[in-house]
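Number of protein chains: 2
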Amino acid sequence: MDIENWRARIDDIDLKILRCLNERAKYSIEIAHLKKELLLPIYSPDREARIIQRLMDENSGPMSDDGVRRVFERIIDESRKLEKDILASQTNKPNKME
Amino acid sequence: MDIENWRARIDDIDLKILRCLNERAKYSIEIAHLKKELLLPIYSPDREARIIQRLMDENSGPMSDDGVRRVFERIIDESRKLEKDILASQTNKPNKME
Chain A
1 MDIENWRARI DDIDLKILRC LNERAKYSIE IAHLKKELLL PIYSPDREAR IIQRLMDENS
61 GPMSDDGVRR VFERIIDESR KLEKDILASQ TNKPNKME
Chain B
99 MDIENWRARI DDIDLKILRC LNERAKYSIE IAHLKKELLL PIYSPDREAR IIQRLMDENS
159 GPMSDDGVRR VFERIIDESR KLEKDILASQ TNKPNKME
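Residue numbers (this note's numbering), protein chains in the order written: chain A, 1 to 98; chain B, 99 to 196.
Chain A extracted, bound-state conformation (with noise of 0.2 Å):
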């Protein structure tokens, strides 16, 4: 194989996790419509730390740990302003729920 063969499997491998954070998003902002309605805070400290440990230890490489740390990280992090923008939009009211 040479370059642009691995360069193809990544591409299709890329939008593979794209598809996954999109519907990673889309479970969130489920979880995000049922918080507001039982009126709890969006940011959730304890589960997002058993999140990235639960993959740290689930980690098989080539991936370090803490790269996965740092990738989840991201994503959590993304995943969170998306629920309060949402949530905002549909109050209508400035967005200071954390």
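Don't read these hints as lab results, they were simulated from the structure.
Backbone N, C-alpha and C fix where the C-beta goes; we use that ideal spot for every residue, glycine too.
Heads up, some of the hints might be wrong.
What the hints assert, rightly or not - Stretches of chain B that chain A covers, calculated by requiring three or more beta carbons in the stretch to come under 8 Å of a beta carbon on chain A:
hint, stretch
1, 105 to 118
2, 123 to 137
3, 172 to 179
Assemble the complex: chain A is given as a structure, and chain B must be docked to it using the hints.
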């Protein structure tokens, strides 16, 4: 569905993302080996910009395009770190490839 059900779905999709990330990392390492043979630099800014632009073009939401960009910048950054570490450990020389 309650919050716990949606969280279980997120946990499933996170494992899928983790598997994709490690698969992607394996391909990056293959590319790093080839680049080393061909004396090419690890850092390919044009390729990285194209990857991110394509994913933003393909993005159908609910993630924002900027969110997609930020997550993939992190993924690509981790992938570059890994390639450099692996090549540095193989050559046993200081890591000065960029």
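Consistency of the hints with the structure:
1. Against chain A, the stretch 105 to 118 of chain B contributes 11 residues with a C-beta closer than 8 Å to a partner C-beta. That satisfies the three-residue criterion, and the hint holds.
2. Taking a C-beta to C-beta cut-off of 8 Å, the stretch 123 to 137 of chain B contributes 10 residues in contact with chain A, enough for the three needed, and the coverage statement holds.
3. With 4 residues carrying a beta carbon less than 8 Å from a beta carbon of chain A, the stretch 172 to 179 of chain B meets the three-residue requirement, and the given coverage holds.
Consistency with the previously given hints is maintained throughout, with no hint failing.
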